[in-house]
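> Next come the chains, spelled out residue by residue.
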Amino acid sequence: MTSMARNRWQDRIITAAFWSAGIIIVAILAGIIGYVAFKGISSISLDFILEPPRRAGRAGGISTTIVSTVYLTALSLLLAVPVGVGSSIYLQEYTPNHSKFARLVNLTAETLSGIPSIVFGLFGFVFFVIFLDLGWSILSGSLTLAIMILPTITRTAQEAILAVAQEYRENSLALGATRWQTVSRVILPAAMPGIVTGIILSIGRAVGETAAIILTAGSSLGMPLAPTDPARTMSVHLYIMAMEGISTERAFGTALLLVILIIIINFLANLSLKRFSQAVR
Amino acid sequence: MDAQLKMRSENLNVFYQDYQALHGINMNIEANRVTALIGPSGCGKSTFLRTLNRLNDLLEGTTIGGQVYLDEIPIYDKDVDVVGLRKRVGMVFQKPSVFPMSVYENVAYGPRIHGVKNRSQLDEIVEKSLRAANLWDEMGSRLNSPAARMSGGQQQRLVIARVLAVDPEVILMDEPASALDPISTAKLEELIAELKNNYTIVIVTHNMQQAARVSDYTGFFLNGSLIEFNRTRELFVNPVNKKTEDYITGRFG
Amino acid sequence: MNRLYGGAEARYNEIFIEKALFVSAALFIIIIAIITLFIFSKGLPVFLKVGWADFLFNTDWRPTKGIFGIGAMVVGSLAVTLSAMIWSVPLGLATAVFMAEIAPRHIGQLLGSLVELLAGIPSVVYGFVGLLVVVPFIREHMGGNGMSVLAGAIVLGIMILPTVVNISRDAIQAVPREYTEGSLALGASHYQTIAKVIIPAARSGIITAVVLGMGRAIGETMAVVMVTGNSSIVPASILAPVRTMTSNIVLEMGYASGDHQAALFSTGMVLFIFIVVLNLIVNRVAKAGDINGKK
Numbered sequence: 000m001t002s003m004a005r006n007r008w009q010d011r012i013i014t015a016a017f018w019s020a021g022i023i024i025v026a027i028l029a030g031i032i033g034y035v036a037f038k039g040i041s042s043i044s045l046d047f048i049l050e051p052p053r054r055a056g057r058a059g060g061i062s063t064t065i066v067s068t069v070y071l072t073a074l075s076l077l078l079a080v081p082v083g084v085g086s087s088i089y090l091q092e093y094t095p096n097h098s099k100f101a102r103l104v105n106l107t108a109e110t111l112s113g114i115p116s117i118v119f120g121l122f123g124f125v126f127f128v129i130f131l132d133l134g135w136s137i138l139s140g141s142l143t144l145a146i147m148i149l150p151t152i153t154r155t156a157q158e159a160i161l162a163v164a165q166e167y168r169e170n171s172l173a174l175g176a177t178r179w180q181t182v183s184r185v186i187l188p189a190a191m192p193g194i195v196t197g198i199i200l201s202i203g204r205a206v207g208e209t210a211a212i213i214l215t216a217g218s219s220l221g222m223p224l225a226p227t228d229p230a231r232t233m234s235v236h237l238y239i240m241a242m243e244g245i246s247t248e249r250a251f252g253t254a255l256l257l258v259i260l261i262i263i264i265n266f267l268a269n270l271s272l273k274r275f276s277q278a279v280r
Numbered sequence: 000m001d002a003q004l005k006m007r008s009e010n011l012n013v014f015y016q017d018y019q020a021l022h023g024i025n026m027n028i029e030a031n032r033v034t035a036l037i038g039p040s041g042c043g044k045s046t047f048l049r050t051l052n053r054l055n056d057l058l059e060g061t062t063i064g065g066q067v068y069l070d071e072i073p074i075y076d077k078d079v080d081v082v083g084l085r086k087r088v089g090m091v092f093q094k095p096s097v098f099p100m101s102v103y104e105n106v107a108y109g110p111r112i113h114g115v116k117n118r119s120q121l122d123e124i125v126e127k128s129l130r131a132a133n134l135w136d137e138m139g140s141r142l143n144s145p146a147a148r149m150s151g152g153q154q155q156r157l158v159i160a161r162v163l164a165v166d167p168e169v170i171l172m173d174e175p176a177s178a179l180d181p182i183s184t185a186k187l188e189e190l191i192a193e194l195k196n197n198y199t200i201v202i203v204t205h206n207m208q209q210a211a212r213v214s215d216y217t218g219f220f221l222n223g224s225l226i227e228f229n230r231t232r233e234l235f236v237n238p239v240n241k242k243t244e245d246y247i248t249g250r251f252g
Numbered sequence: 000m001n002r003l004y005g006g007a008e009a010r011y012n013e014i015f016i017e018k019a020l021f022v023s024a025a026l027f028i029i030i031i032a033i034i035t036l037f038i039f040s041k042g043l044p045v046f047l048k049v050g051w052a053d054f055l056f057n058t059d060w061r062p063t064k065g066i067f068g069i070g071a072m073v074v075g076s077l078a079v080t081l082s083a084m085i086w087s088v089p090l091g092l093a094t095a096v097f098m099a100e101i102a103p104r105h106i107g108q109l110l111g112s113l114v115e116l117l118a119g120i121p122s123v124v125y126g127f128v129g130l131l132v133v134v135p136f137i138r139e140h141m142g143g144n145g146m147s148v149l150a151g152a153i154v155l156g157i158m159i160l161p162t163v164v165n166i167s168r169d170a171i172q173a174v175p176r177e178y179t180e181g182s183l184a185l186g187a188s189h190y191q192t193i194a195k196v197i198i199p200a201a202r203s204g205i206i207t208a209v210v211l212g213m214g215r216a217i218g219e220t221m222a223v224v225m226v227t228g229n230s231s232i233v234p235a236s237i238l239a240p241v242r243t244m245t246s247n248i249v250l251e252m253g254y255a256s257g258d259h260q261a262a263l264f265s266t267g268m269v270l271f272i273f274i275v276v277l278n279l280i281v282n283r284v285a286k287a288g289d290i291n292g293k294k
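Residue numbers (numbering that gives the first Met the number 0), protein chains in the order written: chain G, 0 to 280; chain E, 0 to 252; chain W, 0 to 294.
One chain only, chain G, in its complex shape:
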């Protein structure tokens, strides 16, 4: 039957087309990572990581930018995690399910997550740097970054808490526990893997963020000590070096370190996610 044969032929073409889509994605990813790795590997050395930039980045390493990145990320986590986890606890455990307040908070969190980083940068600049007079500093940058990662943390924390079996709550309360005792001793420990996954994902976002950081943490190449010091993170450093044509090899080295960092973070997030699905049987 010729129509059947033609169908099979058509089917094969369509299948091939779909497979190509998948292959293209893999190719793009492999291409980008491969290219950065190939070009950047020669720049990576212990010196590169441990020495500070000299001559505006033309020489030396990128130690100060690595420290800045870690410092900035850590401080924004310190600010965002309590607020993010605290608010999800409140929304899941202390308010009725579809209360107006809960819906409003979730709507604002979603809206926040859609705002472009450059707008956050503008806000951080006018509010933290100028209005609160914190200047270009790790503090201004972290506060801005904390706001940017809040929605992710709160959304994943809410899902994690929601997934904790209702029976635990009932049983704990029936034993005479207060709400907070139930939350702190039973629910949070059970939800921890999911919450941790969200935090790890936020780290990834924080490390790669550039537009907002440039406008709030400045671009000074010094080693930041106090939170009031300005700082240049790895992403910002890469941007400046690329735009001003400073040291392509060091730029590749920075790019490669960033990519490796992201791969590690993604891997950890996946591990954490697996632990989460096991805990929620």
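Simulated from the structure, these hints should not be mistaken for lab results. A hint or two may mislead.
[Claimed, not checked] Not close to chain G: a few residues of chain E, all C-beta gaps over 10 Å, as computed: (1) F14; (2) Q66; (3) K77; (4) E126; (5) M138; (6) S177; (7) L179; (8) E188; (9) F251.
[Stated by the list, open to error] Selected chain G positions facing chain W (Cβ under 8 Å, derived; list incomplete): (10) G21; (11) V25; (12) Y34; (13) V35; (14) P81; (15) V104; (16) I146; (17) S234; (18) A250; (19) I261.
[Stated by the list, open to error] Computed cross-link-like contacts, DMTMM-like style, restricted to lysine to aspartate or glutamate with a CA-CA straight-line distance of at most 20 Å: (20) K94/E / E166/G; (21) K273/G / E115/W; (22) K94/E / E169/G; (23) K195/W / D10/G; (24) K77/E / E13/W.
Glycine included, each C-beta is placed from N, C-alpha and C at the ideal position.
Could you slot chains E and W onto chain G? The hints should help.
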């Protein structure tokens, strides 16, 4: 004066939003006895059980009319400390839900949240409760193993031990054996018979034979009303109300 | 042991904790209120002084002379975004269908992890690779400077792929099995089922994916500013350089002051309004889709 009333309800009405789940329930619960609540699905027996430890407070839109008394103290009063109430009136649920912790931690959970910090005190309480729940022989040497690995029957007894650890006076049980196999069920019923010496027990069950075996008093619920309440023997052998008789003889489920 | 009354000390602790948690939730509302307040307070004056139509449509951007027309940048943003979407949306959709319906289980999951990785790579890295690979390629094989709308479209398209893929895939996987099984039981082939039953059923989710992808594209700054050449005139062709609204802000904030800086805030304000409105629409569409598509 005959046996004391540990708890009683007076004209108890329960509303979920506009739906009336319980109509004017008047029931007495005698101390150190087992009172069983039977009836078809959705008849209100579980709802009634949950009024005894105010667990229905957790459901939104629930309103209560009438009163429930524990040792003649009204528990639906404004100033009542619900946390304290639940320490005196404990509950075992249908699905044995052990916390994701070790056996020891599960049992120690209750005393800990009520302020017991001393390790040797906790050890004592844990052993006493596990013994009372007939679990010490099996789990006494494995207190640190995760509770989730225990069998269904063991988990249910662990849940009971957990409740016993807070030293309640009343133990409420909501279909405690429906998720268990026959052997575990038999063990559970043995346990209930022992426990009533020291505690007052109210048990909801859809298994009439179980009610007949285990309880001293039985209340038959239908469509949110208490149709009949009597000594178990009387209710099963000489039911007064026709609906009770129909239910017991299996004319409806 | 009448502990039915009292226990007030424990009560105070609980109340304090509850209030603290409430504040952390309320913080979201406070934050977005402050953001709106400050962005508008900085952006509205110049916006109104120049006049909204002039600001948005005038293609003359000469801040040193006090002329603030972002028309060229608006066209730039739209040009780069739409060209990115033209190739990225079909590819993303096809990949989503592939992952959800065609690929064997473990390959679908593997691909999912790879897409996640793609999503995590910082925009500066994309921009950097775009600058060193895409731009020279265009310059040598197609003409022009290389820094162009096309370069931006390629880089941006790659960046919004994960958004399009993930949300579309979720929408496709959410289509009830009964639809698929019903179609196959009537003798339709797998592909016919995909085209005529699954995709239409997942329609609202797919639209959401596309709209969110567009939102991401318009808001993207770093990758775009590194490959598009940043000339502040309307691009004549796809090979011409272009400047987007976001690029404009990040390039000039370093040295702008007074009205110039305020005009950049006005640009940010326009972006802010656009994205917020877009998200609200997406929310409505997603909710309507839920009601129609699910039981």
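> Could you run down the list of hints and mark each one as holding or not?
Verification of the hints:
1. F14: The claim holds: F14/E sits with its nearest Cβ about 17 Å from chain G, beyond 10 Å.
2. Q66: holds, 21 Å
3. K77: The assertion about K77/E holds, with a minimum of 18 Å to chain G.
4. E126: Per Cβ check, E126/E is outside 10 Å of chain G; nearest 18 Å; holds.
5. M138: M138/E clear of chain G: closest Cβ-Cβ about 18 Å, beyond 10 Å.
6. S177: holds, 14 Å
7. L179: holds, 16 Å
8. E188: holds, 22 Å
9. F251: Given a closest Cβ separation of 30 Å, the condition holds.
10. G21: holds, 5 Å
11. V25: At 6 Å from the nearest chain W Cβ, V25/G passes the 8 Å test, so the hint holds.
12. Y34: With a closest approach of 6 Å, the Y34/G hint holds.
13. V35: With a closest approach of 7 Å, the V35/G hint holds.
14. P81: With a closest approach of 7 Å, the P81/G hint holds.
15. V104: V104/G check passes; min Cβ-Cβ to chain W is 5 Å, inside 8 Å.
16. I146: holds, 6 Å
17. S234: holds, 5 Å
18. A250: Nearest chain W Cβ about 7 Å off; hint holds.
19. I261: Result: holds, 5 Å to nearest chain W Cβ.
20. K94/E / E166/G: holds, 8 Å
21. K273/G / E115/W: holds, 15 Å
22. K94/E / E169/G: Measuring from Cα to Cα gives roughly 11 Å; hence the hint holds.
23. K195/W / D10/G: Roughly 15 Å between the alpha carbons, so the hint for K195/W and D10/G holds.
24. K77/E / E13/W: holds, 18 Å
Hint compliance for this structure: no hint is broken.
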